[in-house]
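Q: Produce the complete structure using the sequences and hints provided.
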Amino acid sequence: MAIIALVSAKGSPGVTTAALACALTWHRRLVLAECDPAGGSILAGYLGGALDGPRGIGELAVGELRDGNLESAFWSQLVDLDAPKRERLLLPGVVDPAQAGSVIPLWQRFADFFGSLESGDPPYDVVVDCGRLHVVGPPWPILRAASVVLLVSGARLPDLSGTRAMARTIERDFAEHRVPPGTLRLLLVGDGHGNGEVSKALRLPVIARMPHDPRTAEVLGLGGTVRAGRPLMRAAGALEVPVGALLERRRARLTWPVPQGVPDAV
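The sequence shown begins at 1 in UniProt numbering and counts up one residue at a time.
No wet-lab data here; the hints were simulated from the structure. Among the hints, erroneous ones may be present.
[Claimed, not checked] Pair by pair, the computed Cβ-Cβ distance ranges are: (1) 196 - 245: 17 to 27 Å; (2) 234 - 82: 13 to 23 Å; (3) 203 - 69: 39 to 49 Å; (4) 67 - 234: 37 to 47 Å; (5) 86 - 172: 31 to 41 Å.
These figures come from a predicted structure and were not determined experimentally. Where a beta carbon is used, it is the ideal one built from N, C-alpha and C, also for glycine.
A: Here's what the structure looks like:
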């Protein structure tokens, strides 16, 4: 499966901005899924509320609980971010807080379905905006199913303090649920301590750093013309390379033969 999940600790910046920047710059055919139970923001922000009628994961969850029709209803709930190519698709997040009650019980169902999209025709990877984990009903099943989990954090001490605790929480959960090692990486945002210093202090590799680019962040958050040459967009595009390398290593690991007498080898 190819699920790339982005998540942050309490008070950390940039998950939705980073996820949307990746969706707009990567060459992979992908679905960007807003799975933050606290609510999605891309419809009202970047897309400026231009779409009529309800759309997104909340509507999908209600239909799934009522009719069990996720597979057939999924594609009708997506927004083409680069129409009409259908190569960069958005599954909008919850817009009505009441919808969260329908979405939270279905995290495992969504995780399984997202994982199946890689083998579809055509295949899609799924970039998931999981928001902050300090909320009611966080999407743990999606994080456990992801091939790569990017923990987004600022690089200054107040940010890193919360991120350190969150990293340990995720690592404990992954160990308990037997998530393969090497899934979790740090994605730093803005100025502050160096990558090596942060990686050593948090005992977690830094995959990349997003620059402080408030002009582009405002466009991604409120709408407008995205300029591919801006620092944030260049960094997001470059992130596809190390993420793709991690995915390839994961796929290779899953094809290795399991030695006899070592049933848990990965």
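Q: None of the hints should be skipped; say for each whether it holds.
A: Evaluation of the provided hints:
1. About 19 Å separates the C-beta atoms of residue 196 and residue 245, a value consistent with the hinted range of 17 to 27 Å.
2. One distance hint, 13 to 23 Å for the beta-carbon pair residue 234 and residue 82, holds here, with the actual separation near 18 Å.
3. For residue 203 and residue 69, the Cβ-Cβ distance of about 44 Å falls inside the hinted range of 39 to 49 Å, so the restraint holds.
4. Separated by about 44 Å at the C-beta atoms, residue 67 and residue 234 satisfy the suggested range of 37 to 47 Å.
5. The supplied range of 31 to 41 Å is met by residue 86 and residue 172, whose beta-carbon atoms lie about 39 Å from each other.
Going through the hint list in order, the structure satisfies each hint without exception.
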